[in-house]
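Protein chains in written order, with the numbering used here: chain A, 1 to 290; chain B, 1 to 242.
Treat the hints loosely; a few may be bogus.
[Said to hold, decoys possible] Cβ pair distances, simulated, as ranges:
hint, chain 1, residue 1, chain 2, residue 2, range
1, B, 67, A, 113, 51 to 61 Å
2, A, 104, B, 102, 44 to 54 Å
3, A, 174, B, 7, 36 to 46 Å
4, A, 233, B, 148, 53 to 63 Å
[To be verified] With a straight-line cut-off of 25 Å between C-alpha atoms, the simulated PhoX-like cross-links for lysine-lysine are:
hint, chain 1, residue 1, chain 2, residue 2
5, A, 216, B, 212
6, A, 181, A, 216
7, A, 130, B, 201
8, A, 233, A, 181
In short, the hints are calculated from the structure, not lab data.
Given the structure is predicted, the values throughout are model-derived calculations rather than measurements.
Every residue gets a Cβ at the ideal spot worked out from N, C-alpha and C, and that includes glycine.
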Amino acid sequence: MHPAPSVILFSTLSGLGFGFLAFLGWGALLPSGWHAFFLWGLGYGLAVAGLLAATFHLGNPKNALKAFTQCRTSWLSREAWASVATLLILAPVALSDIFTLGLPRIIGQIGGTLAILTVFTTAMIYTQIKAVPRWHHWLTPVMFLTFAVAGGAMLAGMGLAPVLLLAVGAILWAVWRVGDKAFARAGQTMGTATGLDRLGVPSVLDPAHTAGNYLKREMIFVVGRKHAAKLRKIALALASVLPALVLLMPFGIWGIALAAILHLAGALAARWLFFAEAEHVVGLYYGARG
Amino acid sequence: MTSLPQSTEKRLGLVIDLDTCVGCQACVTACKGWNDGGIGLSDQDPYGADPSGTFLNRVHSYQVAIPDAPAQVVTFPRSCLHCDNAPCVTVCPTGASYKRAEDGIVLVNEDACIGCGLCAWACPYGAREMDAAQGVMKKCTLCVDRIYNETLPEEDREPACVRTCPTNARHFGDLADPESAVSQLVASRGGYDLMPDMGTKPTNKYLPPRKKGPGTASPLAPLLDIKATGIAGWLDRMLGKL
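Excised from the complex, chain B in its bound form (with noise of 0.2 Å):
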């Protein structure tokens, strides 16, 4: 059903450390590995001149000019933010596109889908590409598939991105309880949604980079200011001279 849950138990989602995220595109290559199981992501001419892909999660990176401190690099990944509010689940014409009033997961029932585009029209963070190959709208499940899954250690019961994280910039867990460390984090970076105005409220929070101290001089630039003396000098004088 296309009707969103009043409120859900649990709110399963990511929060993402934009500090310590240095781009490495390992959660890219994660989430598309485990998700290319079973009925899969295609990829379009992978190995030819005009490659293309459906991808669940896309890795930016912004230099970001700041007034009076150096300019900083952010590397920033981008994907379903599981919102309260989700915008695509109640255009779609099919129910296929659901939340889940357990945990707020934000799933395609690909069964029903159409393939219309309208859900990924609606969503303002470009969480949702359709398969080419499929003709069906694809997105992050949150790895509902392993999450709950007790066929696999505890340890891998997490989603693909998180796991494989080596800088643990990603971070697992339910936004709806205070006491989760997902929250604790929130709370003590300043943890905050994205495009707040266009009322999704996400569930997936990112933590603001930590601000740098001003710039301080070389240790090496005394050296730059080199004065030649002695015969180099009388070189230097003579050859300035020609």
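Chain A with its partners taken away, still in its complex shape (with noise of 0.2 Å):
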């Protein structure tokens, strides 16, 4: 699948934004003043710019809300809603901390539980896929989840998160290990794609068109693949081992920031492979497994 940065961007910056106002909701930290202001400011900012994002994506993005009519079964509906319900409802909490209003913490609880359920939302619009096998898993849930709770952890300073970045580091290992496999396991081939394992074993004579297309450029994406294992060892120690690392060290704000960094830059280049590697089953007809 072609690694739009729209989306990379999206899913890396949104799923951090909304870890960290989940912890923030929950009252991890409970800041006031200036301080809950940047706080806050820090979970709104990076939620909604990946959201922003996001809506570069889109071909024709002046139907946007019509995108909140299909929540009964789109997840990508779904997800707009979840969004947008948890920064309005995480608001008021955000300005009774900077303002010390002493709103009810419930609301601030709900709130959090929902951000949570927004990212969820985002990995399903991926797990839901059956032609791309390598998403098409439960361990894709469980690794966008477990970056948002890691990485919210890390931002909200709480003693668990050096467990939960190498927690992330098993997740993408385990995505790895077997997704590698996943494609092989969905059983599709040329030869199921056009019916010809009836006949004998299929291979391309002529391609179908010479220049590229939509579904070439979009889902059948192989430039790059050769660095697939430097980059998922890059990923590794910036997304997990060293931003644990560097949180055990005495370095107070400092540290966090530093963390931060290295989770982010790990976390971008972890989500480049998630589309990268994914491979469509379209590309049987082109005579790419991918």
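Take the two lone chains and join them into the complex the hints point to.
Below is the structure:
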């Protein structure tokens, strides 16, 4: 699948933002005044920047409001509702923290839970796609949720953050291990795609078209896969191991900032791989397993 | 609404005969020609160095290695299969993608499409292409603007690809009716679904190429084993010794 920068930025930034908002909503740390303004601003900034990046992926964004209409069947529509509901419900909690208005914490807890639910809906957009076997697995939402919770815990300065960051690494490893066999396990070949397996073993004679098209650009992405092994090591180090080590050092707030920058870079690498390594079964018609 | 209908009255679709298709691309051209009218299917750099465009129908060609028989070339048209369990419909966040309860045709309401591309991701068959100029999703409409169009002569009220096919490899009809010509064809020729394990329950069916007999030696083969005699034979021997 084509690793579009808009979608990579969207899922990485909003995942981190909603993860942090969950910790703020639940009252993991109870800031006030300018301190609260800065922390809530960071959470909202990341979440909203991510959502804005997502709109750049749309070919016809003027209809974006219609995306709220189909939550009965569509995970993308559910995500639209969950993200907007989270941002609206947490807004008074943020104001209450900043101006110490003493709003009941239960509102923050509802908003914080919705924030995690938002990340789950994002993950389900990919998980539901049966035609991309690497994504169609329960480890996909586990991976998105672990990233959000670990990133949120890291920004909130929780003592458990290094452990959660190491859990991100373990989940990434599991996702790659399972994912590498996913396409073969799905059992689709050029033979089943064309039905010519009942005759013999097909292979491409002439391409259907000599020039590129939307399908080849969007779903049969092969550029850069040779660097995948290196990128996996980089993603593992930056997203998981290094920020966990930095957080264990007595660097205080600067340690959190450094860990956050490392983790975000690693998360972007991991998310690039999530798209670039995902193979769509339509590639079978073109003789590409991907 | 992106909920799928429980069942549809008719199941209009295509039956494509891979035995008679010769891969002439006439269906591709007729499809593009008919659907290019009105809102259109855009092309990018059509006469330049890197042409690209939106098509609703593509014809692939494959060579099939068959054990103990000569290899076969199969040309393979690929377009929307108007699935009963269409994954492209349920993923749509705006309701632009829908399946008609009356005849089962899967359509896109372009006025509601946001161009997110999720329906194209959900389709295992690559039936949907985003129009690069309009930013909305395009797909086969089963020529819904022809098949019910009473201003057209009756023989033209079928999809443009079917109307144009010079070898009659494409058939259009109601696959819910077991008595229809297309259903009879599917029954008699062993029509099949593409990637049935994907759970999409396609309406369109493909008829397999008939098995060819064993390869026979060319009638010209004896002529290949020529022995030179007479002067030519003497020359052949002498030149061979040089």
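Tested hints:
Against the hinted window of 51 to 61 Å, the Cβ-Cβ separation of residue 67 of chain B and residue 113 of chain A comes to about 59 Å, which satisfies the hint. At about 52 Å, the beta-carbon gap between residue 104 of chain A and residue 102 of chain B stays in the expected band of 44 to 54 Å. As the Cβ distance of residue 174 of chain A to residue 7 of chain B is approximately 41 Å, the hint placing it in 36 to 46 Å holds. Between residue 233 of chain A and residue 148 of chain B, the C-beta spacing of about 59 Å keeps the proposed range 53 to 63 Å intact.
Straight-line distance between C-alpha atoms of residue 216 of chain A and residue 212 of chain B comes to about 33 Å, which puts the hinted pair past the 25 Å bound. For the proposed pair residue 181 of chain A and residue 216 of chain A, the alpha carbon gap of about 23 Å is at most 25 Å, so the pair holds. Note on residue 130 of chain A and residue 201 of chain B: the hinted pairing holds, with a Cα-Cα distance of about 14 Å set against a maximum of 25 Å. For the given pair, residue 233 of chain A sits about 19 Å from residue 181 of chain A by alpha-carbon distance, which is consistent with the 25 Å threshold.
Checked against the numbered hints above, the structure breaks only hint 5 and satisfies the rest.
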